[in-house]
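Read off the chains here:
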Amino acid sequence: MKAKRALAGSLIGILISITLFACSTSPKSGTAVYERRNQAVGIAKKAEGLYAHGRYSEALDLFKQALQLDIAVDYDEGIIGTRVSMGKCYAAANMDAQAADEYEQAERLAARLGRAELLASVSSYQAELKIKKGDYAAAQEQLLAALKKAGQNRAAQALILHNLGLCARAAESHEEAANYFSQAAAINLDLKERAEYASNCYMLSASLVKLGKAAVAREWALKALGADREAERSQGIAQDYYALGKIEGAAQNADEALFYYEKSLNVCLVANEADLAAKVLAELVSLCAERGDEASKARYEGLLLELKGLKAGK
Amino acid sequence: MKFRIKYAEQITGAFLLLAILAVCAVLAFIGINHRWFSKNYYYKTEFESASNISPGTSIYFKGFQVGSIARTRLNKHNAVDVDFYIFDTYYDRVTENSLIQLNVNPIGLGSQLVLVQGKGIKQLPEHSFIPRIDSEEGKRRVGMDLVDVPLKDDTIAQIIGGINPLIRNFSDMATGIGSAVKGTGTGSLADALRSARGAFGSLEKVSASMNDKVPGILDDLSVTMNSVKDISLKLEGISSDVKQFSAALSEPTGLAQRLVDPKGSLKTLLDDQNALYDRVTSLLDEVNSTLVNVNSISSRLNGEMPTLSSILSEGKTTLEKAQDVLEGLKNNPILKEGIPQKADQSQLFDSMRDEEF
Numbered sequence: 030m031k032a033k034r035a036l037a038g039s040l041i042g043i044l045i046s047i048t049l050f051a052c053s054t055s056p057k058s059g060t061a062v063y064e065r066r067n068q069a070v071g072i073a074k075k076a077e078g079l080y081a082h083g084r085y086s087e088a089l090d091l092f093k094q095a096l097q098l099d100i101a102v103d104y105d106e107g108i109i110g111t112r113v114s115m116g117k118c119y120a121a122a123n124m125d126a127q128a129a130d131e132y133e134q135a136e137r138l139a140a141r142l143g144r145a146e147l148l149a150s151v152s153s154y155q156a157e158l159k160i161k162k163g164d165y166a167a168a169q170e171q172l173l174a175a176l177k178k179a180g181q182n183r184a185a186q187a188l189i190l191h192n193l194g195l196c197a198r199a200a201e202s203h204e205e206a207a208n209y210f211s212q213a214a215a216i217n218l219d220l221k222e223r224a225e226y227a228s229n230c231y232m233l234s235a236s237l238v239k240l241g242k243a244a245v246a247r248e249w250a251l252k253a254l255g256a257d258r259e260a261e262r263s264q265g266i267a268q269d270y271y272a273l274g275k276i277e278g279a280a281q282n283a284d285e286a287l288f289y290y291e292k293s294l295n296v297c298l299v300a301n302e303a304d305l306a307a308k309v310l311a312e313l314v315s316l317c318a319e320r321g322d323e324a325s326k327a328r329y330e331g332l333l334l335e336l337k338g339l340k341a342g343k
Numbered sequence: 007m008k009f010r011i012k013y014a015e016q017i018t019g020a021f022l023l024l025a026i027l028a029v030c031a032v033l034a035f036i037g038i039n040h041r042w043f044s045k046n047y048y049y050k051t052e053f054e055s056a057s058n059i060s061p062g063t064s065i066y067f068k069g070f071q072v073g074s075i076a077r078t079r080l081n082k083h084n085a086v087d088v089d090f091y092i093f094d095t096y097y098d099r100v101t102e103n104s105l106i107q108l109n110v111n112p113i114g115l116g117s118q119l120v121l122v123q124g125k126g127i128k129q130l131p132e133h134s135f136i137p138r139i140d141s142e143e144g145k146r147r148v149g150m151d152l153v154d155v156p157l158k159d160d161t162i163a164q165i166i167g168g169i170n171p172l173i174r175n176f177s178d179m180a181t182g183i184g185s186a187v188k189g190t191g192t193g194s195l196a197d198a199l200r201s202a203r204g205a206f207g208s209l210e211k212v213s214a215s216m217n218d219k220v221p222g223i224l225d226d227l228s229v230t231m232n233s234v235k236d237i238s239l240k241l242e243g244i245s246s247d248v249k250q251f252s253a254a255l256s257e258p259t260g261l262a263q264r265l266v267d268p269k270g271s272l273k274t275l276l277d278d279q280n281a282l283y284d285r286v287t288s289l290l291d292e293v294n295s296t297l298v299n300v301n302s303i304s305s306r307l308n309g310e311m312p313t314l315s316s317i318l319s320e321g322k323t324t325l326e327k328a329q330d331v332l333e334g335l336k337n338n339p340i341l342k343e344g345i346p347q348k349a350d351q352s353q354l355f356d357s358m359r360d361e362e363f
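Residue numbers (the working numbering), protein chains in the order written: chain A, 30 to 343; chain B, 7 to 363.
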């Protein structure tokens, strides 16, 4: 009888324990609210998607919305990130002055917060503007300083290394450039940052071409293409095909080069990449002339003229 | 620890018995309602045709159902033998000399079989033959006043029955009018016609006396006509004066023209064959109709404002509730990972590419 009572008591105890445990797993009330902050993050994600598809204006609008939300809830890290992203949008649209302004505001806030890793990434983007201007020495100096600040921020490290590679390439130090790009590619591969990895591979391929290593360059260009496909980055795909066309053209593989250039052109036309399309068309005209394909040459010339006309009209 | 209920089998058995009893009770009630346990007393009758007397047709007495037809069959004389029964509760109403009457609605609204009670005191034994009211035997019994023939309670039949006395009344009235016109009748109408005849006689006498006086009246009338002629001549002179005054007004230098410049705006505006006036009138009509519409819309809006306000208020409340529900769902640990976690904002990483390759 005692045993039965003990058993019943144990069962009741277990039931009470389960009930209490279930209550303890329910969400705690009174915790901080991140609704608007998360909303801002969501909007920024959408904007990044638009940026990846080359829709810079629309991306900029969304980033502005995200910035308003970040400011409203006083989310400083968000403000820095959004301003940097807005700077990238301006830079992509060749509005470098506006880009510099956004970077500067982000830099000030990051410095105020004492966030070295954020400062590092901002510095890297500022250096990009200097690279665009051709001020490679100043850019390299800034990047080397930023690399020290990056700390454990591996994404920022990869970005800085990539930009250092660009500076080295500008200084015709292709071996050094390839080294930087390789390091950056390794980090981004590890971080599974496909689009960034594709950019590293692309530039590495370009450096290898300069070093006369066409076969290896082709491999890296194909890796870049694969990564861009995975990231569905149209601009990157068009650039990768263009690079492959150049590599095959240099290797006298006219058919392959023609194929890659045509692929690149198709993507450019769909993705509205007018500048690159003009370059690809110029290559196609030249290639068709070499092959004696007058009809195709005339067609590409016509397209090129039309494109130039459109650009002039714009 | 094993849980069990004491007397489980007994309780189950009790419930089972209760259920069986309930079913029996229900069946009993149904049987009582359908007279399964009552005795019926059967009788026979005969009809010329089986139309309107199918088995199951109810038999009424004073508006109550007292029985029903059990069976019909065609006999060897081409007549229809009908077996019917009377409920035990009305068996005592089936007395000697009773008859059966089939009332068919004259406008096709069905039929009714009626028990016509005989005036005898003796109760009619079961399986007796009860004749129809329209059979020779039935007519004989009615003629001898051996049955208590009921008044028809069919409204339509009553109306149709009431038509005959009405027609008779009309006929009497027409006869009376005819007699009065002939002068052989009596009553108010005949007296009035006789007075009228006297009045016509007096009128003839008046006409004769008028014939003598008419020449004098005609002479007086001639004098009066001469006076009217003089007045007419005077009126003609006045009319001429008025005409001259009107001509003066219509002249270019006349009074009206001096008041109104013939080339002025007023003249132009007014002398437009009512175009301006018509336009103004139509505009005023349009404005009036517009104002009516605006007034109507305004009053409708005023009427709908509380509704709109309440709809908006309800919508807002519903949205708030829906938001609460969604937040609750979002926070449900079973559906998701509880309260939304803090998301960190990343920045855009996009390494530059040298397009020159």
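Calculated from the structure, these hints are not laboratory results.
Hints are not guaranteed to be accurate.
Chain B residues, not near chain A, derived (Cβ > 10 angstroms throughout) [unchecked claim]:
(1) Ala28
(2) Val234
(3) Lys348
(4) Gln351
(5) Leu354
(6) Phe363
If you anchor each label on the Cβ, the simulated ranges turn out as follows [to be verified]:
(7) A:Glu259 to B:Glu362: 17 to 27 angstroms
(8) A:Ala145 to B:Gln329: 19 to 29 angstroms
(9) A:Met124 to B:Lys348: 25 to 35 angstroms
(10) B:Glu362 to A:Ala126: 17 to 27 angstroms
(11) A:Met124 to B:Val300: 30 to 40 angstroms
(12) A:Asn295 to B:Leu307: 53 to 63 angstroms
(13) B:Lys348 to A:Gly78: 16 to 26 angstroms
(14) A:Asn301 to B:Lys348: 14 to 24 angstroms
Which residues of chain B face chain A? A partial, calculated answer using Cβ under 7 angstroms [unchecked claim]:
(15) Thr296
(16) Val298
(17) Glu333
(18) Gln353
(19) Phe355
Where a beta carbon is used, it is the ideal one built from N, C-alpha and C, also for glycine.
We went through each hint and held it up to the structure:
1. Ala28: Correct as stated: the minimum Cβ-Cβ distance to chain A is 40 angstroms, above 10 angstroms.
2. Val234: 103 angstroms, holds
3. Lys348: For B:Lys348, whose nearest Cβ neighbour in chain A is about 5 angstroms away, the distance does not exceed 10 angstroms, so it is violated.
4. Gln351: Answer for B:Gln351: violated, closest chain A Cβ roughly 4 angstroms.
5. Leu354: The claim is violated: B:Leu354 sits with its nearest Cβ about 4 angstroms from chain A, within 10 angstroms.
6. Phe363: Not fine: 5 angstroms to the nearest Cβ puts B:Phe363 too close to chain A.
7. A:Glu259 to B:Glu362: 17 to 27 angstroms: 25 angstroms, holds
8. A:Ala145 to B:Gln329: 19 to 29 angstroms: For B:Gln329 against A:Ala145, whose Cβ atoms are near 41 angstroms apart, the range 19 to 29 angstroms is violated.
9. A:Met124 to B:Lys348: 25 to 35 angstroms: This hint holds: roughly 33 angstroms between Cβ atoms.
10. B:Glu362 to A:Ala126: 17 to 27 angstroms: The hinted range 17 to 27 angstroms holds for B:Glu362 and A:Ala126, with Cβ atoms some 24 angstroms apart.
11. A:Met124 to B:Val300: 30 to 40 angstroms: 53 angstroms, violated
12. A:Asn295 to B:Leu307: 53 to 63 angstroms: 59 angstroms, holds
13. B:Lys348 to A:Gly78: 16 to 26 angstroms: 22 angstroms, holds
14. A:Asn301 to B:Lys348: 14 to 24 angstroms: 37 angstroms, violated
15. Thr296: 45 angstroms, violated
16. Val298: For B:Val298, the interface hint is violated, since the closest Cβ of chain A sits about 49 angstroms away, which is over 7 angstroms.
17. Glu333: 9 angstroms, violated
18. Gln353: 4 angstroms, holds
19. Phe355: Holds, about 5 angstroms.
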